[in-house]
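Protein chains in written order, with the numbering used here: chain A, 1 to 309; chain B, 1 to 361; chain C, 1 to 330; chain D, 1 to 605.
Among the hints, erroneous ones may be present.
To be verified - Sample of chain D residues lacking proximity to chain A, with all beta carbon distances greater than 12 Å (derived):
hint	residue
1	Ser126
2	Tyr193
3	Gly209
4	Ile481
Claimed, not checked - To be clear about the criterion: a stretch of chain A counts as covered by chain C if any three or more of its residues have a C-beta under 8 Å from a C-beta of chain C, and this derived list gives those stretches:
hint	region
5	102–116
6	135–143
7	269–276
8	280–288
What the hints assert, rightly or not - Using 20 Å as the maximum straight-line C-alpha spacing, the simulated EDC-like pairs for lysine to aspartate or glutamate come out as follows:
hint	chain 1	residue 1	chain 2	residue 2
9	C	Lys245	B	Asp126
10	D	Lys53	D	Glu317
11	B	Lys137	C	Glu239
12	B	Lys30	A	Asp47
13	C	Lys188	D	Glu51
14	C	Lys188	D	Glu264
15	D	Lys471	A	Asp52
16	A	Lys18	C	Asp145
17	B	Lys74	C	Glu239
18	D	Lys583	D	Glu51
19	B	Lys74	C	Asp58
20	D	Lys367	A	Asp155
21	C	Lys139	A	Asp66
22	B	Lys74	C	Asp187
23	C	Lys245	B	Asp164
24	B	Lys308	B	Asp343
25	C	Lys139	A	Asp301
26	C	Lys188	D	Asp318
27	B	Lys30	C	Glu222
28	D	Lys367	A	Asp159
29	D	Lys471	A	Asp47
30	C	Lys188	D	Glu317
31	B	Lys30	A	Asp301
32	B	Lys308	B	Asp319
Derived by calculation from the structure, the hints in this document are not laboratory data.
All of these numbers come straight from a predicted model, not from anything done at the bench.
For each residue, glycine too, the CB sits at the ideal point set by N, CA and C.
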Amino acid sequence: MVGRSLRQIVWARLRRDKLAMFCLVVLVIYYMIGIFGPVIGPSLGLDPYAFDRAAISDRGGGPIGDFGGISAKHPLGVEWGTGRDILSQLLWGLRISLVVATSATLLTVTVGVIVGIIAGYARGWADMVIGRIMDLVLAFPFLLIILALSNVMTDRITDLGVPPGNPSRIAYLIIVISSFGWPYLARIVRGQVISLREREFVAAAIAMGSSRRRILFTEILPNLWAPLLVYTTLLLPAYVGTEAALSFLGVGVIPPDTTFGAMLANSVSYFRVVPTYLFIPGTILAILVVSFNLLGDALRDALDPRATH
Amino acid sequence: MINVEEVEGRAQHSPERPFLSVENLAVQFKTEDGIVQAVDGVSFTLERGKTLAIVGESGSGKSVTAQAIMGLVKGMGGIVSGEIWLDGQELNRLSPSEVQALRGDEMAMIFQDPMSSLHPFYRIGDQIVEAIVAHRKVGRGAARREALEMLKHVGIPAAERRIDAYPHQLSGGMRQRVMIAMALINSPQLLIADEPTTALDVTVQAQILELIRRLQGEFGTTVIIITHDLGVVADVADDVAVMYAARIVEMAPTSEIYNKAEMPYTLGLLASIPRRDRGQQERLDPIPGNPPSPIHLPPGCVFQPRCKYWEQVPESQGDPRTVRPELVETSPRHYVRCLLPQDVRRRISHEVLQSLRGSAE
Amino acid sequence: MAGYVVRRVLGMVLLLFLLTLTVFFLFNMMPADPARLTCGKACSPAVIEANRHHLELDIPPIEQYQRFVSGIFFGRTFSKDTPRPIECEAPCLGYSFLRNTEVLTLIARAAPVTFWLAIGGFLTWMVVGLTLGIVSALKRGRWIDRTIMGIALIGYSLPSFFIGLVLIFFVILDWNLLPFPQWTTPDKDLGRFVQTMLLPWITIATLYAAFYMRLTRNQVLEIFGEDYIRTARAKGLPERIVVVKHALRAGLTPIVTAAGLDLAGLLGGAIITENIFSLPGLGSLAIGSVLASDLPLITGITLLTAALIIFANLIVDLLYAVIDPRVRVG
Amino acid sequence: MLRSDAWLRRALAIGVTFGLIVAASGGGTPTQSPTGGASVPPGESAQPTEESKKGGTIYILTQAEEWDDIDPQRAYTGEDLAFFGGTIMRALTAYTYSEEAVTANTLTPDLATDTGTANATADEWSFTLRDGVTWEDGSDLVCEDVKYGVSRTFANDVITNGPTYAVQYLDIPSNPVTEGDDAVFLSAYYGPYNGTGQDLFDQAVVCDGNTITFHLNQPVADFNYTVTLGFSPVPDPTIHPDLPDAVDQYTLRPWSNGPYKIEEYTQGNGGHFLLTRNENWNAESDPIRPAYPDRWEVLFGIDPKVMDQRLMASQGEDAYAVMYGNVQPENLATVFVDPETPTPDFADRAVSDYDPYSRYYWIDTNKVSNVKHRQAMAAALDRDAIRANSGGDFAGALGDGVIKPNIGQDYAETGMWTGLLGQAIPDNGDPDYARQLIEESGEPMPALTWDYPQTPTRDQEAAIVVDSLGKAGIQVTANPIPPGQYYGIVFNDDQAHEFGWAGWGPDWPNASTVIAPLFTDKGGWNISRVHDQDFVDAVQDAIATLDRAEQAKKWQDLNKLAMERVYVIPTTFGLSQVLAGTKVKPIYQWAPWGSWPYAVMYVTP
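Whole structure, please, built from the sequences with the hints as guidance.
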């Protein structure tokens, strides 16, 4: 592995990987929509909260027309019982899903890295205690706990000054998801640190009597970026999935807002009659997650030192 | 003794070949980044009982050459062309199972890192026994006794106890001795030692080399030592072949290399030999820059980008940035791949070696 | 070895202790007032008080905790001072006043469902995952490798509930290949049992198989890159021995251990899968208990499932020690 | 299953149906039309002979995983009581089995020889037991058993969840609240287990041979309706030593005095509840239960979607099955042409009829103390969207109060939406008028939170609430609560918010079982936290009024008053749809409990 720097090579390889590039584009589009969709949406007449009484029947509240009432006005159909526009709900929902997944990932990584470094670097009892805590956290049936505590914790969060309702619920999601996710990352980092701290340059740094913090942040952290980058890219889709699963089980945002998981959960009642309720959000969600994973894999391969000669 | 055909030329088959003769060996790897030419047209011969040192930086293709001889490259997905004659047998044409039968029996290999090269889950004794029973009809009991003998022989203290130890329970030196024991257990004709000492600390290095040389004497084994450090080969090897960017760039008897090396790269290597009187850190590195990426080799002389002297190449020889030099015999049994005229080479050589001695005093 | 085992076992005990503590106090923050829940329409503060007393919610949590733990070992009696005390023999995980049943009984009732679900899914994904994983490793870079890995990637990208719903939609609703899932034990009606479990098994297997394909593939490639495999070859060992004796033992252990943990986790109840296919397993029981805020039940299930994982962890560690001498000795 | 419709039924069971229903005339107001169900008029169908009806098994599919309560003194869920009453749990009086709501709601003697006799002041009621009534072990059912059953209601430390009319009405002083455990008991009589105050009870309830007499603490004109609820007999252990009254006995397997007995009861998803013939039941002693099928089997934990599929297919056992719960919204269009008429395929096995419940939003009158504010909320709410969301025409009619037309004479239009709140308010709400009302209130509208038991349908209802009140500038946050926890939370002052979802139905056809529970603390279902002494007095006065017509008038006025003060916002008078297999008859909604007519059901070959 000579001549060009690691970064250059990684980027070169990624660029050569057509699929990865495609996914990257897809993801950028998703984020763009997530960020600007709700901003531009209204001017296009999209409104996830507006009820369309005309779009649903008086006989059971089902959408009028085929495929969940697909029409010029509602390109992807309308919600059973309210006539709310599915497309709009998807746009607004995507934003929430992305916000939750992204911030949860960042939080997880931050916590995981800090704890991991401390554990790996401090060794001794600190390492031991942290290790036990990790075991404990990993042992919990986290879905169950998240379900059981969602109400009380959401209230606690509201008490902390977060606006009531969905802001608090989103905060809760972010917090719980990351609080059950950090140990995995911490373990990876810990391992990395332990092997790194044995290497000469750290030994040298210590020999030269530089402070612990300096060693951590100037010597060790820079060497962690590659594994972290990969892990993060793979953590995002996992969290998108988790968020969906949680909303599917009823934790998470509540009307008038919605997310993929919530929409899929509601589809359960109707998809025998209106399959699009299942397949439209499902497909869009799937594409998002698959793109993330493909990109993550590509990145992993690109960063894999064994693949370099 | 050494007898090199024109590298790019065809190898002609003489009825009685030297014990080992590698002819126009080339190895390619397909990677995501394109085809890597790991070994390019390497040829050399080696008589029975002699020792050849192949020297070069990591990535120069020396290890791949060795593994190609052992027939391990194909397993790694490499494409091997050229001919490898061992004791009158052309290995490259043999079936995998036939090569496998030779491996560990006719020819054996010692690897760089004894820790990772020994299987962490098995007792060292068992790993040696495994090597025995793979090639000979011996009872386990006998095999174990043999293994114990060999362990003692390679100088493992309290071998009776150590034979049941796991690799991670032994020191680096011990592990390397075990590796050697394992390699020699079937008294192979050819022993390839791939950087046998790099993973060990200096004092142990000497011991291991000493051991190899002693055993070579006893068993009459032919040895190829692969190293990046010209220093270690001085008193072990009969001949030295210097490799750079998948090619042999200079080859000569050891003394010739030490006293009359002509290829600037070899001179660089000589200069970088650590001396007792020099601290590790102040070891000077007279070769600027890095070896070229095996994927994009310079079109001309592969060493030109790092060569201090390439401007001194006269027009008549051609531009080193475009013309690939060939391996030519500059004096009997001394081969050099360089576009510099002989007199210029010798002048440079003289200066450099002088300065080295100077700095030595 | 012995010392190692002792260390790990002690570690587990400590962990279990911490576990009970955390779980117990976590759930004491639950919002609903269990006493109010057991009190119907004509509910006076007096009655609520009474129920709080007979649910033993009127004593400090730490004491509740003590009673709970001692109940596990020595059993306990609920609503002692009422005319109708309830005996709960050890190991007593508590008593669900909403369902008038011992928590353990409820769990025991749900356990078989989850067991069959987990085992079936486990076998499916292990077989599929390992075979395809090895195949694609050996065919690395070829189209078959790419195909398998593609499938794997999609497989583990899709949320399990989406897979489940899609299966229901096509297999049951659209193509009418299977009847609606209706739980029954294999001994009672094997046919219906299989018909019921088929889709749940597939749903679970898809998720895990995908993961194990990738894991296996990486392991195999990893191991074959190891120096000691090269050594084994250099020794002239037949390829068969190289693979079986040297590669497999080293390569398989991480897979086996991962499998151990996953299986344990699954035995604790597959909430989403059970939910989708309305299987009366531990997962459904758990959800039900949460919705009814049946505190004793939630606590019991959480403890049990977590304990399962911790125990599996121990087994896995010991397994490692057996396989890898570096863990065992020195 | 948090988000599954399945929880709708569960929520109803736990919440709404603490009230039992007795519907009188099928209603008949402009807002709604009575529907006699979709059953085939007797004339058209060839009536099978009594003999041909005998035998077979009727299956009941339910999503519940066990009975809420099966103990005679604790059972309080409508459908359950209908089923128990028809099979294993007889009472002094019962309702008539008829497709016609009016007839069905008239009392008929069951254990008693007549529907009871009251003294002039209606504060003393006596009933005489039939001869030949027996328990499942063959021993005679005697007056003391009825008395013992009633006495259990007073042991409210163990007998929870049940109706407590005995405690309210029997002439026993309520408990002088003292320190310690005494405070536990509502009455000075602590029930048969503790025994304290037994003498007081013996004075209030007297057995004289076959005749049992109840002495009441106030006139109760319709006490003979009251005794259908929680007054069922339980074997007095002193007389029936081998019929013990133990915990597991009465939470899992009460003794039967009806035509069937409990053969097997396993709870949970996949569990079942099996009734077989009670050989010791004596047909002569029971004029109202023909007891056609040999077995009843209740299958627990069936997903509603699956339930619909199975009943629509109606294959194998399912042909003999009836649903316990409602047809899911997505299937309504398949099963019904409109709320009156099933589609041809389901002509003779689907029923759509008004259920007993009024759905409404309670408003905590302390948290939202300004009546104008409450009126503003009512004015702003888009009730039309809510109705559409819960099934449109299938969800029933828009409500105008808590008293539902099918209760009969106690109902009168309150005019809530036609001017009672100052001006007529359209079904989809009138945000402008709401703003105006807030103006008039002179105070800023507080920010509100809407509590609701979470189901997908009600998640969308929440969206409607937030949106439509928002249009009037009222800021609302939705707060979903797991159905199982809902009432536990909204009854807790610390955890309940400003307003929330609820439903209620009367315990018998008298609005005393609606107005009193909902708007007075004594009633026990006062989620609106109404503490208005005048209102309480008015309620007492109405209860004490012996002239039924006069009493009805008073209930109508109180209903109207409550709506004017917007103690609650009525949303819909619910309509519910049920489905049965092809071989179960007869098919109609039995008015008293809004249930299947279990006692008279049979299977056709």
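Evaluated hints:
1. Ser126: For Ser126/D, whose nearest Cβ neighbour in chain A is about 51 Å away, the distance exceeds 12 Å, so it holds.
2. Tyr193: Per Cβ check, Tyr193/D is outside 12 Å of chain A; nearest 35 Å; holds.
3. Gly209: The claim holds: Gly209/D sits with its nearest Cβ about 56 Å from chain A, beyond 12 Å.
4. Ile481: Incorrect as stated: the minimum Cβ-Cβ distance to chain A is 7 Å, not above 12 Å.
5. 102–116: Check failed, 0 qualifying residues.
6. 135–143: holds (count 7)
7. 269–276: That given contact holds, which follows from 3 residues of the region 269–276 of chain A lying within Cβ reach (below 8 Å) of chain C.
8. 280–288: holds (count 3)
9. Lys245/C with Asp126/B: holds, 12 Å
10. Lys53/D with Glu317/D: holds, 17 Å
11. Lys137/B with Glu239/C: Satisfied, since the Cα-Cα distance of roughly 19 Å is no more than 20 Å.
12. Lys30/B with Asp47/A: violated, 55 Å
13. Lys188/C with Glu51/D: violated, 34 Å
14. Lys188/C with Glu264/D: holds, 17 Å
15. Lys471/D with Asp52/A: holds, 15 Å
16. Lys18/A with Asp145/C: holds, 18 Å
17. Lys74/B with Glu239/C: Within the cut-off at roughly 13 Å; holds.
18. Lys583/D with Glu51/D: holds, 16 Å
19. Lys74/B with Asp58/C: Violated, at roughly 76 Å.
20. Lys367/D with Asp155/A: holds, 19 Å
21. Lys139/C with Asp66/A: With Cα atoms ~47 Å apart, Lys139/C and Asp66/A exceed 20 Å; violated.
22. Lys74/B with Asp187/C: Status violated; Cα separation ~55 Å.
23. Lys245/C with Asp164/B: At roughly 18 Å apart (the allowed maximum being 20 Å), Asp164/B and Lys245/C satisfy the hint.
24. Lys308/B with Asp343/B: Distance of about 16 Å is within 20 Å: holds.
25. Lys139/C with Asp301/A: holds, 17 Å
26. Lys188/C with Asp318/D: Within the cut-off at roughly 19 Å; holds.
27. Lys30/B with Glu222/C: Holds, at about 18 Å.
28. Lys367/D with Asp159/A: Between Lys367/D and Asp159/A the Cα gap is close to 19 Å, so the pair holds against 20 Å.
29. Lys471/D with Asp47/A: holds, 15 Å
30. Lys188/C with Glu317/D: Roughly 17 Å between the alpha carbons, so the hint for Lys188/C and Glu317/D holds.
31. Lys30/B with Asp301/A: Between Lys30/B and Asp301/A the Cα gap is close to 16 Å, so the pair holds against 20 Å.
32. Lys308/B with Asp319/B: Holds - the C-alpha atoms of Asp319/B and Lys308/B are around 15 Å apart, at most 20 Å.
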